[in-house]
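Asks: Throw the hints in and build the complete structure from the sequences for me.
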Amino acid sequence: QKEVEQDPGPLSVPEGAIVSLNCTYSNSAFQYFMWYRQYSRKGPELLMYTYSSGNKEDGRFTAQVDKSSKYISLFIRDSQPSDSATYLCAMNSGGYQKVTFGTGTKLQVIP
Amino acid sequence: ETGVTQTPRHLVMGMTNKKSLKCEQHLGHNAMYWYKQSAKKPLELMFVYSLEERVENNSVPSRFSPECPNSSHLFLHLHTLQPEDSALYLCASSQDPAGAPDTQYFGPGTRLTVL
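As they're listed, the protein sequences go chains A and B. So the first sequence is numbered by my numbering: it starts at 1 and just counts up by one. So the second sequence is numbered by my numbering: it starts at 1 and just counts up by one.
Please keep in mind that the hints were generated in silico from the structure rather than gathered at the bench. Bear in mind the structure is a predicted one, so any value in this text is a computation, not a measurement. Just to be clear, a hint being listed does not mean it is correct.
Stated by the list, open to error - Only pairs whose alpha carbons sit at most 16 Å apart, straight line, appear in this in silico EDC-like list of lysine to aspartate or glutamate: (1) B:LYS40 x A:GLU5; (2) B:LYS41 x A:ASP7; (3) A:LYS67 x A:GLU3; (4) B:LYS41 x A:GLU3; (5) B:LYS22 x B:GLU52; (6) A:LYS106 x A:ASP7; (7) B:LYS18 x B:GLU67; (8) A:LYS106 x A:GLU45; (9) B:LYS22 x B:GLU67; (10) A:LYS98 x B:GLU44; (11) B:LYS36 x B:GLU56; (12) B:LYS36 x B:GLU84; (13) B:LYS41 x A:GLU5; (14) A:LYS70 x A:GLU3; (15) B:LYS36 x B:ASP85; (16) B:LYS40 x B:ASP85; (17) B:LYS40 x A:ASP7; (18) A:LYS98 x B:GLU56; (19) A:LYS106 x A:ASP83; (20) A:LYS2 x B:GLU44; (21) A:LYS56 x A:ASP66.
Replies: Given below as structure tokens:
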């Protein structure tokens with residue numbers, strides 16, 4: 001079993017839709033959860049991070065962590081064509097510990 | 001220049017060549033990382049340097065040799081690579097690996113093709 005599972009997509013949605021991106025994980029020691037966005041031919045860019053369970057909101061983006069289910073989500077409201085990218089989840093157990101990444105979900109927002 | 005820069009952006013090399021990838025961070029961070037990104041696979045951590053000392057080496061073949069002369073610069077020396085080494089090589093930096101979370105900032109990557 002992979003430590004982090006993420007559906008590679010691609011996921012195509014119309015502009016303005018609410019997008020839900022998800023990851024599951026198996027390591028109960030993970031405490032810090034991150035979402036990165038990677039545009040084509042670019043490196044990943046940190047979008048958000050959360051600690052332990054709960055929600056965090058930043059503009060149109062909401063990150064949600066459910067540690068009891070080992071499930072994390074990223075919601076994008078009012079999606080825009082500029083949101084078209086690959087979204088990577090990442091997590092670690094804190095401090096200096098290896099960050100484990102998902103494979104990434106490719107998202108396409110159709111105008 | 002701001003953030004994390006990498007050169008070259010693209011590299012094509014034969015299996016007998018020797019080349020080097022360069023990374024520079026302008027963020028004042030203490031830790032630097034090399035990752036390999038292949039299609040349909042998660043990012044693979046290759047090397048970690050903290051304050052110029054290597055702190056992690058994830059069983060990477062010896063044909064990849066990292067060098068960190070100071071906290072702002074990181075190199076990846078390549079020699080006698082294999083075609084399966086073709087991938088996007090990403091450099092990242094973070095402020096303090098002992099802090100939490102370890103939020104890493106990535107460069108644009110070097111797209112490497114081994115013929």
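Asks: Take the C-alpha atoms of B:LYS41 and A:ASP7, compute the straight-line distance between them, and say whether it is at most 16 Å.
Replies: Holds, because 11 Å separates the two Cα atoms, which is no more than 16 Å.
Asks: With the threshold set at 16 Å, check whether the alpha-carbon distance from B:LYS40 to A:ASP7 stays at or below it.
Replies: holds, 10 Å
Asks: Check whether the Cα positions of B:LYS22 and B:GLU67 lie no farther apart than 16 Å.
Replies: Judged against 16 Å, a Cα distance of about 10 Å means the pair holds.
Asks: Compare the distance between the alpha carbons of A:LYS2 and B:GLU44 with 16 Å, and conclude whether the hinted pair is satisfied.
Replies: With Cα atoms ~13 Å apart, A:LYS2 and B:GLU44 stay inside 16 Å; holds.
Asks: Does A:GLU3 lie within 16 Å of A:LYS70 when you go C-alpha to C-alpha?
Replies: Between A:LYS70 and A:GLU3 the Cα gap is close to 11 Å, so the pair holds against 16 Å.
Asks: Next pair to validate is A:LYS106 with A:ASP7; report whether the Cα-Cα distance is within 16 Å.
Replies: At roughly 9 Å apart (the allowed maximum being 16 Å), A:ASP7 and A:LYS106 satisfy the hint.
Asks: Hinted pair, alpha-carbon criterion (16 Å max): B:LYS36, B:ASP85. Please report holds or violated.
Replies: The hint holds at about 9 Å.
Asks: For the pair supplied as a hint, B:LYS40 and B:ASP85, confirm whether the alpha-carbon distance does not exceed 16 Å.
Replies: Judged against 16 Å, a Cα distance of about 15 Å means the pair holds.
Asks: Sort out whether B:GLU56 lies within 16 Å of B:LYS36, counting only the CA atoms.
Replies: holds, 15 Å
Asks: Check whether the Cα positions of B:LYS40 and A:GLU5 lie no farther apart than 16 Å.
Replies: holds, 12 Å
Asks: Check the hint pairing B:LYS36 with B:GLU84 against an upper bound of 16 Å on the C-alpha distance.
Replies: Status holds; Cα separation ~11 Å.
Asks: Holds or violated: A:LYS106 and A:GLU45, Cα atoms, limit 16 Å.
Replies: holds, 14 Å
Consistency note: the structure conflicts with none of the earlier hints.
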